[in-house]
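J.: With the numbering used here, letter number 7 in the sequence shown gets 7, and the count goes up by one each step, no holes.
The set of hints was computed from the structure by calculation and includes no laboratory data.
Just so we're clear, the structure is a prediction, and the values are computed from it rather than from any experiment.
Some hints here could point you the wrong way.
[Claimed, not checked] Lysine to any residue pairs mimicking SDA-like chemistry, simulated, CA-CA at most 20 Å apart:
{"id": "1", "residue 1": "K236", "residue 2": "N216"}
{"id": "2", "residue 1": "K20", "residue 2": "V62"}
{"id": "3", "residue 1": "K459", "residue 2": "N414"}
{"id": "4", "residue 1": "K69", "residue 2": "S162"}
{"id": "5", "residue 1": "K232", "residue 2": "I206"}
{"id": "6", "residue 1": "K415", "residue 2": "N440"}
{"id": "7", "residue 1": "K313", "residue 2": "K236"}
{"id": "8", "residue 1": "K313", "residue 2": "N264"}
{"id": "9", "residue 1": "K408", "residue 2": "L457"}
{"id": "10", "residue 1": "K124", "residue 2": "S71"}
{"id": "11", "residue 1": "K100", "residue 2": "D172"}
{"id": "12", "residue 1": "K420", "residue 2": "P403"}
[To be verified] Pair ranges (Cβ atoms, derived):
{"id": "13", "residue 1": "N146", "residue 2": "K207", "range": "28 to 34 Å"}
{"id": "14", "residue 1": "N264", "residue 2": "Q150", "range": "18 to 24 Å"}
{"id": "15", "residue 1": "P403", "residue 2": "R469", "range": "54 to 60 Å"}
{"id": "16", "residue 1": "E285", "residue 2": "F373", "range": "26 to 32 Å"}
{"id": "17", "residue 1": "T68", "residue 2": "V277", "range": "42 to 48 Å"}
{"id": "18", "residue 1": "K76", "residue 2": "K137", "range": "47 to 53 Å"}
{"id": "19", "residue 1": "K400", "residue 2": "N264", "range": "52 to 58 Å"}
Here a beta-carbon is modelled for each residue, glycine too, at the ideal position from N, C-alpha and C.
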Amino acid sequence: MLSFNRDVLVLILEKLKSDKNSLFSCLLVNRTWCLIAVRILWRNPWQYFTTINSKIIMLFNVLFLHLTKESRDILKGQGIDNHITESHKCTLFDYINFIKYLDFFFIRCMIPRKTKKTKISIVKSEIFKLFINNNTKFIHLSIPQNFYNQIHLIPGAEHCFSELESFHCNMDISQNILEWMVRYKSIKRVRIENMFNYSVKYLEIIKLIEVQKNLNDVKFINLSESYESFDKSLEKSLIKHAATIRYLRFDWIPFTKFLLHFVNLSCLEIFLPGYSVWKDLNYFENISLPNLKILRTSRVRPIILTNLIENIKGNLTEISVLYDYHGDDSKMFIQAIYRNCPNLRYLRLSLLLFRNIELLISEFENLLSNSQFFNGLIFDIYTGYNIEFKWNEFFMILAKSSPISLFKFKFSSNKLIQLKDIKLFFDNWENRNSIILEINNKDYNVNMKAKQQLEDLIKKYKVRGIVDRYSIGFNTVYHENEFEWN
1 MLSFNRDVLV LILEKLKSDK NSLFSCLLVN RTWCLIAVRI LWRNPWQYFT
51 TINSKIIMLF NVLFLHLTKE SRDILKGQGI DNHITESHKC TLFDYINFIK
101 YLDFFFIRCM IPRKTKKTKI SIVKSEIFKL FINNNTKFIH LSIPQNFYNQ
151 IHLIPGAEHC FSELESFHCN MDISQNILEW MVRYKSIKRV RIENMFNYSV
201 KYLEIIKLIE VQKNLNDVKF INLSESYESF DKSLEKSLIK HAATIRYLRF
251 DWIPFTKFLL HFVNLSCLEI FLPGYSVWKD LNYFENISLP NLKILRTSRV
301 RPIILTNLIE NIKGNLTEIS VLYDYHGDDS KMFIQAIYRN CPNLRYLRLS
351 LLLFRNIELL ISEFENLLSN SQFFNGLIFD IYTGYNIEFK WNEFFMILAK
401 SSPISLFKFK FSSNKLIQLK DIKLFFDNWE NRNSIILEIN NKDYNVNMKA
451 KQQLEDLIKK YKVRGIVDRY SIGFNTVYHE NEFEWN
């Protein structure tokens, strides 16, 4: 059998950290492979779950086996007699020490549902001590909404988080925790969600940003209201880290030209609330972000982004623009893309159209002809009651003008795409790379006949090799991995 140096093997298996199935197979090779794979799998065990289900309950049961005899005795003394307090069984590894990502959304779900209300605080205390003590260290801490437990008072908390690199929290948490977090200055990634009128806590957020020494990734998500004094202060605190920040998301209309300073920024995300009106159409006129590769926005008029794209001069590889309802803006924006983004690989356009549809389709042909590295397209169209998007013309242009590298598509619309239009697309895609396709429409959730007819059509072209793989759904909301195709 081929033998690897252990350090080399670690590097190889680290490349598989997002591929749990491959890592599982490594468990069976030998003890060395098993130990390395187990460490990687258990570093962030929560990433494999999105909901509380039977599989994560099994994970909880393994973690309960690590409770100390003292904790089990305390729980038994309170009359808690269930699988938590069963006789101790030795585990093959000390899994708790492998965990480096502490997510309290899942941790607090470890409390059995049948636990009496009067006993919950006791059970919670013992479970928290299982993770927070002088024997554990975490690089990531995630605190969910409605979390008011004073975890910073648990013995060993200072040691646990002394090497923290990533912090994710909801603003609806204990202010004491935010005040306590300011002492940790090694955090590289900060994600704050649901900033809903918590003016008292805003000061702690600003302090948390200011004290960091090597901030790299900052995201402020779901800002319900904009407060000029706070936003200006926050923008000022971010400027202090402009040299190190590579990834930035904010959900408000900027009050200052703070983005002028972010010359090393590689990813910019601006997701505005629905009521926002960005009046300064020339905000980006003199702002150049020379290293920007990824641009994602929601409810930002494309005319505002056009200046930015023109100033970047060629480095953008991913663009995602959601919910534009200005048809004329879209034309100018698409022109800016094909004139200034020769390295574009992925594009998402999510448009609300009420007029000028023909102009959009004609410009799209120019976009395809000038994007030789184009690999994936997400196209969402929402039209008015009496407006029909001409999918047949769009698909013909797509089949005729797409570069050879483009074969991954996601299409969605508020109206069902006609089968004849999809068939036209497939018929004209002969002798090209097989399509990886996703089609979404909310009606597919209830109109099973329409969904089945579409699936029958796609299967015919899958047999012919026109379609490689496909999915049909009703969810048009994509997340950070929107440019991934299953």
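J.: If any of the earlier hints don't hold here, list their numbers in rising order.
T.: 3, 4, 7, 11, 12, 13, 14, 15, 17, 18 and 19
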